[in-house]
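Undergrad: Please build the complex by placing chains B and C on the supplied structure of chain A, with the hints as guidance.
Here is how the chains run, residue by residue.
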Amino acid sequence: MIEGARWRRWVFFNLPLALFVIGLLFPFYWMMVTTVRPDAELYRPWMAPNYTPFWTLHPTLDHIRYLLDETLFSRWMLNTFFISVLATAISLFCGLLAGYALSRLKFPFAGSLGTGIFITYLVPQTLLFIPLADIIRNFRLGDTPWALILTYPTFLIPFCTWLLMGYFKAIPRELEECARIDGATRWQAMVYIVFPVAVPGILSAGIFAFTLSWNEFIYALVFLSSPEEKTVSVGITSELVRGDVFYWGSLMAGALLGSVPVALIYSLFVEYYVAGITGSIKG
Amino acid sequence: MAAESVVAAKSYTAAPRRGAVTRVLENERWFAFFLLLPTAVLLGLFMAYPFIKGVMLALSDAKVGVPGSFVGLQNFTALLNDSIFRTAVWNTIVYTAVTTVFKLALGLWLALLLNRHFRGKAVTRAFVLLPFIIPTVLSTFAWKWMFDPTFSVINWTLFHLGIIRTRINWLSDPGLALISVIIVNIWRGVPFYAISLLAGLQTVNPELAEAAAIDGARPWQRFRYITWPLLLPVTMVVVLFSVIQTFADFQLVYVLTGGGPANATQLFATYAYQIGVGTGLLGQGAAISLAMFPVLLVVVVVQLLYIRRVEIH
Amino acid sequence: MARVIIRSLNKKFDGVHAVKDVNLEIHDKEFVVLVGPSGCGKTTTLRMVAGLESITSGEILIGDRVVNELPPMDRDIAMVFQNYALYPHMSVYDNMAFGLKMRGFDRIEIANRVQVAAEILGIQEQLQRKPRQLSGGQRQRVALGRAIVRHPQVFLFDEPLSNLDAKLRIQMRVEIKKIHVRLGTTAIYVTHDQVEAMTLGDRVVVMKDGVVQQVGEPLELYNEPANRFVAGFIGSPAMNFATVEVANADGALWARHEGIRIKLPARIADRLRRYLGEKVTLGIRPEDLRVASSSDTADLSFDSVVEVIEKLGSEILLDVKVGPNTMVAAVEPTVKAKIHDRLRLALDPDRLYFFDGTSQAAI
Numbered sequence: 001m002i003e004g005a006r007w008r009r010w011v012f013f014n015l016p017l018a019l020f021v022i023g024l025l026f027p028f029y030w031m032m033v034t035t036v037r038p039d040a041e042l043y044r045p046w047m048a049p050n051y052t053p054f055w056t057l058h059p060t061l062d063h064i065r066y067l068l069d070e071t072l073f074s075r076w077m078l079n080t081f082f083i084s085v086l087a088t089a090i091s092l093f094c095g096l097l098a099g100y101a102l103s104r105l106k107f108p109f110a111g112s113l114g115t116g117i118f119i120t121y122l123v124p125q126t127l128l129f130i131p132l133a134d135i136i137r138n139f140r141l142g143d144t145p146w147a148l149i150l151t152y153p154t155f156l157i158p159f160c161t162w163l164l165m166g167y168f169k170a171i172p173r174e175l176e177e178c179a180r181i182d183g184a185t186r187w188q189a190m191v192y193i194v195f196p197v198a199v200p201g202i203l204s205a206g207i208f209a210f211t212l213s214w215n216e217f218i219y220a221l222v223f224l225s226s227p228e229e230k231t232v233s234v235g236i237t238s239e240l241v242r243g244d245v246f247y248w249g250s251l252m253a254g255a256l257l258g259s260v261p262v263a264l265i266y267s268l269f270v271e272y273y274v275a276g277i278t279g280s281i282k283g
Numbered sequence: 001m002a003a004e005s006v007v008a009a010k011s012y013t014a015a016p017r018r019g020a021v022t023r024v025l026e027n028e029r030w031f032a033f034f035l036l037l038p039t040a041v042l043l044g045l046f047m048a049y050p051f052i053k054g055v056m057l058a059l060s061d062a063k064v065g066v067p068g069s070f071v072g073l074q075n076f077t078a079l080l081n082d083s084i085f086r087t088a089v090w091n092t093i094v095y096t097a098v099t100t101v102f103k104l105a106l107g108l109w110l111a112l113l114l115n116r117h118f119r120g121k122a123v124t125r126a127f128v129l130l131p132f133i134i135p136t137v138l139s140t141f142a143w144k145w146m147f148d149p150t151f152s153v154i155n156w157t158l159f160h161l162g163i164i165r166t167r168i169n170w171l172s173d174p175g176l177a178l179i180s181v182i183i184v185n186i187w188r189g190v191p192f193y194a195i196s197l198l199a200g201l202q203t204v205n206p207e208l209a210e211a212a213a214i215d216g217a218r219p220w221q222r223f224r225y226i227t228w229p230l231l232l233p234v235t236m237v238v239v240l241f242s243v244i245q246t247f248a249d250f251q252l253v254y255v256l257t258g259g260g261p262a263n264a265t266q267l268f269a270t271y272a273y274q275i276g277v278g279t280g281l282l283g284q285g286a287a288i289s290l291a292m293f294p295v296l297l298v299v300v301v302v303q304l305l306y307i308r309r310v311e312i313h
Numbered sequence: 001m002a003r004v005i006i007r008s009l010n011k012k013f014d015g016v017h018a019v020k021d022v023n024l025e026i027h028d029k030e031f032v033v034l035v036g037p038s039g040c041g042k043t044t045t046l047r048m049v050a051g052l053e054s055i056t057s058g059e060i061l062i063g064d065r066v067v068n069e070l071p072p073m074d075r076d077i078a079m080v081f082q083n084y085a086l087y088p089h090m091s092v093y094d095n096m097a098f099g100l101k102m103r104g105f106d107r108i109e110i111a112n113r114v115q116v117a118a119e120i121l122g123i124q125e126q127l128q129r130k131p132r133q134l135s136g137g138q139r140q141r142v143a144l145g146r147a148i149v150r151h152p153q154v155f156l157f158d159e160p161l162s163n164l165d166a167k168l169r170i171q172m173r174v175e176i177k178k179i180h181v182r183l184g185t186t187a188i189y190v191t192h193d194q195v196e197a198m199t200l201g202d203r204v205v206v207m208k209d210g211v212v213q214q215v216g217e218p219l220e221l222y223n224e225p226a227n228r229f230v231a232g233f234i235g236s237p238a239m240n241f242a243t244v245e246v247a248n249a250d251g252a253l254w255a256r257h258e259g260i261r262i263k264l265p266a267r268i269a270d271r272l273r274r275y276l277g278e279k280v281t282l283g284i285r286p287e288d289l290r291v292a293s294s295s296d297t298a299d300l301s302f303d304s305v306v307e308v309i310e311k312l313g314s315e316i317l318l319d320v321k322v323g324p325n326t327m328v329a330a331v332e333p334t335v336k337a338k339i340h341d342r343l344r345l346a347l348d349p350d351r352l353y354f355f356d357g358t359s360q361a362a363i
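Residue numbers (the numbering used here), protein chains in the order written: chain A, 1 to 283; chain B, 1 to 313; chain C, 1 to 363.
Hints are not guaranteed to be accurate.
Lysine to aspartate or glutamate pairs mimicking EDC-like chemistry, simulated, CA-CA at most 16 angstroms apart [as the list claims (entries may be wrong)]:
hint: 1; chain 1: B; residue 1: K144; chain 2: A; residue 2: E271
hint: 2; chain 1: B; residue 1: K121; chain 2: A; residue 2: E271
hint: 3; chain 1: C; residue 1: K263; chain 2: C; residue 2: D209
hint: 4; chain 1: C; residue 1: K263; chain 2: C; residue 2: D348
hint: 5; chain 1: C; residue 1: K311; chain 2: C; residue 2: E287
hint: 6; chain 1: A; residue 1: K106; chain 2: B; residue 2: E28
hint: 7; chain 1: C; residue 1: K336; chain 2: C; residue 2: D319
hint: 8; chain 1: C; residue 1: K279; chain 2: C; residue 2: E258
hint: 9; chain 1: C; residue 1: K20; chain 2: C; residue 2: E69
hint: 10; chain 1: C; residue 1: K321; chain 2: C; residue 2: D341
hint: 11; chain 1: C; residue 1: K336; chain 2: C; residue 2: E315
hint: 12; chain 1: C; residue 1: K20; chain 2: C; residue 2: D209
hint: 13; chain 1: A; residue 1: K106; chain 2: C; residue 2: D14
hint: 14; chain 1: C; residue 1: K208; chain 2: C; residue 2: D193
hint: 15; chain 1: A; residue 1: K106; chain 2: C; residue 2: E53
Derived contacts from chain A toward chain B, CB cut-off under 7 angstroms, selection only [as the list claims (entries may be wrong)]:
hint: 16; residue: L15
hint: 17; residue: L19
hint: 18; residue: F20
hint: 19; residue: I22
hint: 20; residue: C94
hint: 21; residue: L132
hint: 22; residue: T154
hint: 23; residue: I157
Just so you know, these hints were derived from the structure itself, not from any lab.
Note that the Cβ used here is the ideal one computed from N, Cα and C, for glycine as well.
Just chain A, with the same shape it has in the complex (with noise of 0.2 angstroms):
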């Protein structure tokens, strides 16, 4: 496509997206490297003359054993993946059934219904998890998993209910008008008709919202107290912090074993996420 001498090649393109790719990246490598450092190496200075970053010559899993023997950390793997799944089927269900309304149905207020989705899909955890704190202890669910199952789809509905809008809205209307008049109740036509179509939407949607709540922390920072409740990422912040100690090769360990679920599921579908991305930004 573009023209031009090799070595422009190199400088506008290979490079700098060399750089980008290093950049992006190195964090990760610098977590692998870290969890299979030995302590000795770990806790050298970069001043001193047998600094070796980016490798080590006496690799261990002591850091990963510490963190499954001496943690609480496939406990905490557990909860979140309890959490992360029961968020996502009620948020899914919740956002498959108003999506379906607000992008298929006429009823009073459906616009003024849409933007108000639109903008709670806009509001940030963070404005709210105060009250929400006080509301959860008066419900008696704080310090319990139903905390954050119960919490998360309030970012959780709003973002498949607009993901999914897209979807429905790009299902031609016919497909369903055909199913009623072919003898299926309107229950029905969605059910066996628009929902099988919007699959690789609601697929979409699904393990983006199981994303959010694997990644999702200051709700679990703030609802959850005890070790044997929490979740990764507040584990891990929590647990292996102590004081000014910081455990690091565990710490990049638990960071990496805690990240693989994700990683995982992206790795398998990479194009949903990318589609999951577009349509949410989408107007």
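TA: Okay, now just chains B and C, sitting in the frame of chain A:
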């Protein structure tokens, strides 16, 4: 014969009797009502109610375990005289403005690079998005470790490149802490910009750029007069989204500096957390959170107006 | 099988009166076509019959039963849509079986009916395919099949052939006609294409701006259009119009305009007498114009200048200038004419149409 009798028995009557539920759900309005009900209940309980509760808290002197009483706007007037709050406001503005400019510039650049054809494009794109996918708190810990003054790989690199002579205290130097936080935010945000803008770029018909090239437009002119105007709607939306997220950011600063040193990186959200959860002054904390609201509202209104305008055209 | 009766049907959307007081009786086994330009209310009328659109006022009866409040699923109708509306996630078989499954038919009966319909339409080979693997014509057949298997009381067609190319459209038109002859199901068919309307309909309903202009058999519409709109809409190429003045001279009535001076035969003259001195619209079908020979009188012909020549093979279309008016004449393919030629055109006095200058109704 047997088959035929089965057929006859099953033959369809023109108006089957339908249950009451079915009849109600066939009414478009009732159907819409029931579809929206679960969402309305959840958002009402955990969004609308907390919002009202937040306003009430912000107007009270509630503390953890103490319901508190109504004090009017006292919390807000106190904030006006609170130098830490003013610092937090200023920091938030700088943090949002600087990161947005860099994220947009770098994101656009990366998007343009990724929009070209090259081997391994799909893989590159997938890897580039990783900072956005991996839990922020976890990747931020990697940065915190990279910023460590004594063991820092960044310092080692800069030293060996001959850029610095002594160690740099990235996170504990009040002058550098905000810059460090900004760097990490840019790192995390660029992929989102790049992928969104790349999607926008892919909707721009390449024939337009080719037609402009035939008309004698240089690459820069092609970008300036063809690609950029067509990309503007997507860019607007991405920027507004990102502004809201950045303005209300919490976890990145919480992990890297906790708002320190000496409040040099204190943002709205971290300060609200410190007062509301750390100190337990619920009323004060809620007031700090809600102080974000007017700014967010303006951004949302701008966004809605912009979307309306785009829809009308 | 059933008749459909539409009584004083009205539809208003946000202030737009889309369908105005439509009355129509469609007999059992009849094939009725609603035709008109886009926005004339034909599709809205059909969708009200289907139950997809609420009725503002009036009544719709299917098989003597008022269906105003009945949801589409209970109306016992089948509909074929312009974009086929095939369920993309289902195989052809499942597409055709869906309506039967929804109605609780057993599997053997469903399989039988689908098989029969597939045979009628020649799509047995495609039953296990997905819609996206089919060509346009095959998709159209599946859509038809989905309607056929149901054995509904009424078929509704909403511009089913618009998405097909010209050749396939003609082929499918014949197919639809054959199916109707074979099954005899009452059918309402909406199209904007008057050729489709004329070839398919037992009767044709011409609509414009939500109002029924004329209902009649195809040739009735062609030969006796009720107003200028129907006259112009039916027939291809379209009828020529010119505004003329009715004048009295030499003991006869004349239609006069710049370049036109036609002596009206007695039969027409009687009807036009009360328009004496007024302006009316003259209509002449292109196929009723021919190149004048020496035997033609000057009273029934006029001069023209050839502007464009379209050679269609079976005939030649001449775009000619008559005074200030442009007209089209469909003439024999043997006619040798060149652009800018002056040509005298003769007309058939029995095939002149006149329309009231203001109401546009046929005189």
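Undergrad: Hints first: check each against the structure and report whether it holds.
TA: Hints and how they fare:
no. : hint              : verdict
1   : K144(B) x E271(A) : 31 angstroms, violated
2   : K121(B) x E271(A) : 13 angstroms, holds
3   : K263(C) x D209(C) : 36 angstroms, violated
4   : K263(C) x D348(C) : 11 angstroms, holds
5   : K311(C) x E287(C) : 14 angstroms, holds
6   : K106(A) x E28(B)  : 7 angstroms, holds
7   : K336(C) x D319(C) : 14 angstroms, holds
8   : K279(C) x E258(C) : 13 angstroms, holds
9   : K20(C) x E69(C)   : 20 angstroms, violated
10  : K321(C) x D341(C) : 11 angstroms, holds
11  : K336(C) x E315(C) : 12 angstroms, holds
12  : K20(C) x D209(C)  : 8 angstroms, holds
13  : K106(A) x D14(C)  : 13 angstroms, holds
14  : K208(C) x D193(C) : 14 angstroms, holds
15  : K106(A) x E53(C)  : 11 angstroms, holds
16  : L15               : 10 angstroms, violated
17  : L19               : 10 angstroms, violated
18  : F20               : 5 angstroms, holds
19  : I22               : 11 angstroms, violated
20  : C94               : 4 angstroms, holds
21  : L132              : 4 angstroms, holds
22  : T154              : 5 angstroms, holds
23  : I157              : 6 angstroms, holds
Consistency with the previously given hints fails for numbers 1, 3, 9, 16, 17, 19, ordered from lowest to highest.
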